[in-house]
Amino acid sequence: DVKVTQSSRYLVKRTGEKVFLECVQDMDHENMFWYRQDPGLGLRLIYFSYDVKMKEKGDIPEGYSVSREKKERFSLILESASTNQTSMYLCASSQHTGGSDTQYFGPGTRLTVL
Amino acid sequence: QKEVEQNSGPLSVPEGAIASLNCTYSDRGSQSFFWYRQYSGKSPELIMSIYSNGDKEDGRFTAQLNKASQYVSLLIRDSQPSDSATYLCAGYSNSGYALNFGKGTSLLVTP
Numbered sequence: 550d551v552k553v554t555q556s557s558r559y560l561v562k563r564t565g566e567k568v569f570l571e572c573v574q575d576m577d578h579e580n581m582f583w584y585r586q587d588p589g590l591g592l593r594l595i596y597f598s599y600d601v602k603m604k605e606k607g608d609i610p611e612g613y614s615v616s617r618e619k620k621e622r623f624s625l626i627l628e629s630a631s632t633n634q635t636s637m638y639l640c641a642s643s644q645h646t647g648g649s650d651t652q653y654f655g656p657g658t659r660l661t662v663l
Numbered sequence: 687q688k689e690v691e692q693n694s695g696p697l698s699v700p701e702g703a704i705a706s707l708n709c710t711y712s713d714r715g716s717q718s719f720f721w722y723r724q725y726s727g728k729s730p731e732l733i734m735s736i737y738s739n740g741d742k743e744d745g746r747f748t749a750q751l752n753k754a755s756q757y758v759s760l761l762i763r764d765s766q767p768s769d770s771a772t773y774l775c776a777g778y779s780n781s782g783y784a785l786n787f788g789k790g791t792s793l794l795v796t797p
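Chain order of the listed sequences is A and B.
Just so we're aligned: 663 in the numbering used here is position 114 of the first sequence, and the numbers increase by one with no gaps anywhere.
Just so we're aligned: 702 in the numbering used here is position 16 of the second sequence, and the numbers increase by one with no gaps anywhere.
Calculated from the structure, these hints are not laboratory results.
Here the structure is a predicted model, which means the values were calculated and not measured.
The reader is advised that the hints may include incorrect statements.
[Stated by the list, open to error] So, partial list: chain B residues that the calculated Cβ filter (under 7 Å) puts toward chain A:
#1 Ser718
#2 Tyr725
#3 Ser729
#4 Pro730
#5 Ile733
#6 Gln766
#7 Tyr778
#8 Ala784
#9 Leu785
#10 Phe787
#11 Lys789
We treat Cβ as the ideally placed atom computed from N, Cα and C, and that holds for glycine.
Based on the provided sequences and hints, a complete structural model is requested.
In C-alpha cells:
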C-alpha cells in the first residue's frame, strides 16, 4: 500500500512566522505535489516536483516555496505566514509522468495562522 | 484555463438507491480521469480511475467516460449512509503532471 505521511495533522502559527510542512512517501514515487483546499474553492495546486531538486509552480505559488532534497521527502515552506494561508494542506505523490498515474494523498495538515 | 466542473450538491438519495454523480471537463486533451471520495476533515481517497470510453465497474461503483461529450460520471449502486461524502472528479492536464480537480459534489445518503 502506498503511504504518504505529513508531519502534523494540526498546526497553529502566528503571522510572520516561517512554517515548514513536511511530506514523506514510501513508494519511491517520482512526482510529489502540494495542494491547499478551501471551502468553495476546491483543491488548488501550489507546487509540484517531478524529481529530486526539481520543482514547478502550480496555480497558486505566491507566498510559498518548496524543497525536495531527497526523493521521498517534499517540503512546503511559508516564508512569512499570513492569515490568508490558513487552510488544509494536502500532499500527494504519484509514480511517474504520463498523464495516467494515480495521485495518493497524505492525511493533510490543517494550518491556522493567527 | 482547463476546468473540471461538478455540481456542488448536496445530492440526497435514500439508502439502497443509485447515486449518480456527474462531471464535465473542458480540456479535450485529457485522457485519464479519477474519482476520489473525501469524508469531512479527511483527505481524498481514490475510488475509481477510467482511461477509455465506456463503463468500468468495481463492486458497487461504475465509472463512465464519454470523451466525445467530455463527460465523466460515477454511479454508486445500493447506496449506504457510509457513502455520504464529497466526491471529487479529476482529469490530467495536457502537461501530464497535474490533475485538474473539480470542486466536488456532496452526497448524502439518508437511512
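(message) Which constraints among the numbered hints does this structure fail? Numbers only, ascending.
(response) Violated hints: 2, 5 and 6; rest satisfied.
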